[in-house]
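Following the hints, position chain B against chain A.
Residue numbers (UniProt numbering), protein chains in the order written: chain A, 1 to 947; chain B, 1 to 210.
In case anyone wonders, no lab produced these hints; they're calculated from the structure.
Every residue, glycine too, gets a C-beta built ideally from N, C-alpha and C.
Hints are supplied without guarantee of correctness; some may be wrong.
Heads up, incomplete: computed chain A residues facing chain B, CB under 10 Å, no partners named [unchecked claim]: (1) Pro160; (2) Lys163; (3) Lys290; (4) Asp291; (5) Leu292; (6) Tyr302; (7) Asn332; (8) Leu371; (9) Val402; (10) Ser403; (11) Leu404; (12) Asp456; (13) Ala461; (14) Ile462; (15) Thr530.
Simulated pairs of lysine-lysine, DSBU-like, Cα-Cα distance not exceeding 35 Å [claimed, not checked]: (16) Lys561/A with Lys103/B; (17) Lys498/A with Lys482/A; (18) Lys537/A with Lys103/B; (19) Lys140/B with Lys528/A; (20) Lys103/B with Lys290/A; (21) Lys91/B with Lys140/B; (22) Lys238/A with Lys498/A; (23) Lys209/A with Lys272/A; (24) Lys36/B with Lys272/A; (25) Lys132/B with Lys537/A; (26) Lys155/B with Lys464/A; (27) Lys561/A with Lys514/A; (28) Lys293/A with Lys132/B; (29) Lys464/A with Lys36/B; (30) Lys514/A with Lys140/B; (31) Lys528/A with Lys582/A.
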Amino acid sequence: MSFFDTLRQKAPFLDKLADTFTPTLTRDEKFRLKYKLPANENILDDTNAEVSFATPNGNGKEHSDMTNKGRKTAYVFSGRLFLTPHFLVFRDAFDHSSCVLILNISTIKRVERSPSESYEFALLVTLYSGAKVLIQFIGIRYRSEQFCNKLKSNLKQNIPNAKALTAFLETSYSEFLIAKNILGKKDITVPRAGLGQHFKYPGNPTMAKEKAKLRLWFDYFRQNGRNLAVVQTPMFRKLIRIGVPNRMRGEIWELCSGAMYLRYANVGEYEKILIDNAGKTSQAIDEIEKDLKRSLPEYSAYQTEEGIQRLRNVLTAYSWKNPDVGYCQAMNIVVAGFLIFMSEEQAFWCLCNLCDIYVPGYYSKTMYGTLLDQRVFESFVEDRMPVLWEYIVQHDIQISVVSLPWFLSLFSTSMPLEYAVRIMDIFFMNGSITLFQVALAVLKINADDILQADDDGMFIAIIKHYFQTLGQSAHPDSSDIKYRQITKFQELLVTAFKEFSVITEEMAMQARHKYEKGIFQNIETFMKRTQLRHMPKTFNLSSDNLSNIYDMFYQSIETYKISMGTGSSNMGFEVFIQFLSKFCDSCRPFEKENDPAFRKQKRNFLQRLFDNWDSAHIGELTLNDVVTGLDKLLTVDLLQAINYFFSLYDTDGDGELHREEVLQLSEGLLLLTEPWKSGRYVDLLTKKCIEDDIAENIIKENGEEIVTMNQIELPTGVTIDEEKYKAEQAERYLKAASNFLQRSFEYAKAVELAEEINLIDLSDDEDEENHAAKLKRLESIRANPALDPTHPKVIDLATFRMIILADETYELFFSNTLRSSIHVDEHINVNNKNKVLRSMFDGILADGKRVAEQVRRRVDSVATRNSITSAESTPTAAASSTTTKEEKYDDLDDFTSDHQSEHEELLQSSWFEIDDANETNAMQERPFEPLSANTSEKKSNLIEFEA
Amino acid sequence: MNTSITSIKLVLLGEAAVGKSSVVLRFVSNDFAENKEPTIGAAFLTQRVTINEHTVKFEIWDTAGQERFASLAPMYYRNAQAALVVYDVTKPQSFIKARHWVKELHEQASKDIIIALVGNKIDMLQEDGERKVAREEGEKLAEENGLLFFETSAKTGENVNNVFLGIGEKIPLKNAEEQNNANNERESNNQRVDLNAANNGASANSGCSC
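The following block holds chain A by itself, in its conformation from the complex (with noise of 0.2 Å):
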């Protein structure tokens, strides 16, 4: 453990501070990240290490012209060796860029231990191209034999994938060229690359100086490897800055990005998406399609079928492959550029790394990614220009209307395309930080004339008339000729990458870090705006209720990441019963959840919603769907509200309820009721009965000395008797339940059968005896009117509604307590888990104010009888009259067991009270505290969502 994490063990304000800091990489992930190697890659081993390069020069295939020095010696470079399943990656000791191997263990012919001048133990290594690496392990000799142990077993565990190799060779450019030049092969074809093969390649060849460069990366290539054996030296690094010549470009940018790794451990990947998904359509595929004929229209592969399908292909293939993203207008003007110097399969590679790893989130479906780097940007220029800023902001001028297709579409629509693939050139080389580093560089060159510019309008003129004229002098009034010389383009390379080098990844990650919660916070404000205005029209729920559910929905799918758009925002049978349970109080898990026949009951019923809710039949909720259904479980209507139960039942819609569907019914009823009939709620009714004995107590106490509301004086020590109101219900609720069953049962029609069933043909029993038995039985089944098979009955509609009206209890509960019992106007606060659920005295102390109304009632007819005399039932209520709050608490605690420290609060905060409460005031707003806390919450979170 780490001493940072043994310090936060002691000090939780420490996880505060943790927050304010980058989210650090594992030190794999920082690799893989460092070197653009596949997710896999993990490091196996590492070691230190000396390592020599020596070149395939001198075995007899001589060639004719080179200028070959012959490297007998070579430098030895010093620092350290990794292992990983698939490559092994060696990096300079003192200077990380001066020397980087990344060598795809495919490409090793033979390894044989070197005979070693010294003591120390060596490797050779000797690749397919003759190349040889010279590894002499520093460190104690059995870590050295460890190392080449662990690669032997990897080598040999990759002799399926090294079978690749010779067929991946062949579509490299590099091995191409050195194959021409040094082996001297006349009839070998030119690798399949991009579309610049046949429609020429953006840009002047002669001015790009195409030949020179390309002779400069042949010699590279030979002396330093190439494609999945490449030492990266700085002349590797300079090469890219003088420009990739465009035949070698495609395979660069694969290199640098690492999408030719990814491209060769997953040989055949591509086409088979292709395959799997052909004919396939989705929404990405429409916007795909909408886009075709516009990416680079100009460039003239693309006015061609051929083009068409090439960009077809690999934006489909992409957004089969990570359907999160799926398709993001500029993707197909950058995928564009890429087929112009890639091949399909090249291209969809690159791509997926610069959606992965070089600008996460830039294309997601909220793009968060893009609107966090567009706020970082503006960090940027605060921080470095901050004349222009301030010029900016008083002017209201919008920066990311220019720089936003900056870094969406990697400059490739907004320079001309042969300056654009120059800057995605060293992007692909240094990631990301490019983008702010030529986009700083764009403004500070043009800060004068910006700040000539009074709006948008004239801003956007600025730029893009720079960007027209990046091929020009950048000093045409210069007297020397060589300063005359230097292009704006050229002048725009050296402002970025030497005067904003100081602009570092590391910044980057550290901004984004700091601005990523308003972002985050902007979007799903966003989302949750546009979402409830789309909703289906609703009658019972409020606007403010809509929000509630909103938030509950996606609080409850844990997987959906609003703000980053990934993830499924359907919820699922399980999700639903955690999501309902939330705020419905029949839906509260509680002790008799451990019961499993209740516990299957209680899951039967939440099935029939769930499938009753699901319009589209998927086996899984929109939020829609959820809204629309709430809504309908909340009508105040109270017959509508008998019917919307009575058609959970009645699944095939056909009016009426068979015997089967009636017991499923009651059993559903018994489910949701079980809350009031174990006495964890009261309803209404027990409610009233409360307050009316309250109410008596008091005037009992007061006499005739209450006139006024002022007057009114709680007796000390009040309590309720729960046990007798909790008894009183629960009978009341099991009278109900057995009611409703036999009068289902009284009620329901015959059915008109064509003949009698005979249950006594159906044996094939002869004994005499059995057939009295059994006859006996059916006598016994038959008189039971709900059991007996014989005459099946079913129940309609109108029937059900009446059965349900003859009982107080059921009635009240359609047309109150159900709809009361769901909490949709509560604002769920995700911290506080424990949330108040609402029991016996949580709403009677709410209720507070009734309370004092029912006294005020009484009082007025006390005082208009002038006479006491009417309490002639003494409350049972107020009878065990308790002294001690120690007793009160006891009371209330065993009353509900299962919330013991709300109910000491709430006890405390109110009853407490109530002992000296002269005034009503007093005793109308206690009760409401923990209610008005709420709603100030709710409120506070109003604003920020507004905000």
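For chain B alone, kept in the frame of chain A given last:
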């Protein structure tokens, strides 16, 4: 005064590939490009027209149509005085999207924003395209929400200018006059229109209330 100039900030919204940029291109340059690159983020263009001897300068924000760019839209319709909500008469889905935009504007944009509903691509009806959104549907939506309504073809240019003229006429005169005062001051020193100054018209006036 005939020389006064009113600036109108106008924003275009609508589903991808309904022809928002093309409508603007037709209006600004009287031009048409068959396969225009999609707008990334937003584009900004201006055009001056004379309406009733009054010069109106349109500052046009043309936004990206794809759904996921929608979260950027508020940045552009902020302070907008007018909006074109564009759909494609051959694509019913684009009409649904237009409804959403109208709703969003009513809820989020400035209160007195003038909105024009524009059914584009009517030229396709002459060719092999089939009309999928009836003219009456558009008219109904416009009527219900108090919008101007036009059917246009950016390709042929049909009705495009009328959209902008219609909006220019609808911009409240009072507002325009206020702006003119502010603009006139500017105009004397500087031949350009400053939206910012227009927004702060009141303070600019008080600064020079002679």
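**Asked** Does the CB of Asn332/A sit less than 10 Å away from some CB of chain B?
**Response** holds (7 Å)
**Proposed interface contact between Asp456/A and chain B, which counts if any beta carbon pair is under 10 Å** = Status holds, d = 6 Å.
**Message:** Can you verify the interface hint for Lys290/A: is its Cβ closer than 10 Å to any Cβ in chain B?
**Reply:** holds (4 Å)
**Request:** Report holds or violated for the interface hint on Thr530/A, using the least CB-CB distance to chain B and a cut-off of 10 Å.
**Result:** holds (7 Å)
**Asked** With a cut-off of 10 Å, does the beta carbon of Lys163/A approach a beta carbon of chain B closely enough for the hint to hold?
**Response** violated (42 Å)
**Prompt:** Measuring from the C-beta of Leu292/A to each C-beta in chain B, is the shortest one below 10 Å?
**Reply:** holds (9 Å)
**Message:** Interface hint check: Ala461/A, Cβ to nearest Cβ on chain B, cutoff 10 Å. Holds or violated?
**Reply:** holds (9 Å)
**Proposed proximity, Lys140/B with Lys91/B (alpha carbon, max 35 Å)** = holds (17 Å)
**Item:** Pairwise hint evaluation, Lys482/A against Lys498/A, where the allowed Cα distance is 35 Å at most
**Value:** holds (20 Å)
**Request:** Take a quick look at whether Lys293/A and Lys132/B sit within 35 Å of each other, Cα to Cα.
**Result:** holds (23 Å)
**Prompt:** Given the proposed pairing of Lys464/A with Lys36/B, does the C-alpha separation stay at or below 35 Å?
**Reply:** Roughly 17 Å between the alpha carbons, so the hint for Lys464/A and Lys36/B holds.
**Asked** Close enough to count: is the Cβ of Leu404/A nearer than 10 Å to one in chain B?
**Response** The hint holds - Leu404/A has a Cβ within 10 Å of chain B, the shortest such distance being about 4 Å.
Going down the numbered hints, you'll see the structure goes against 1, 2, 14, 23 and 30, while the others check out.
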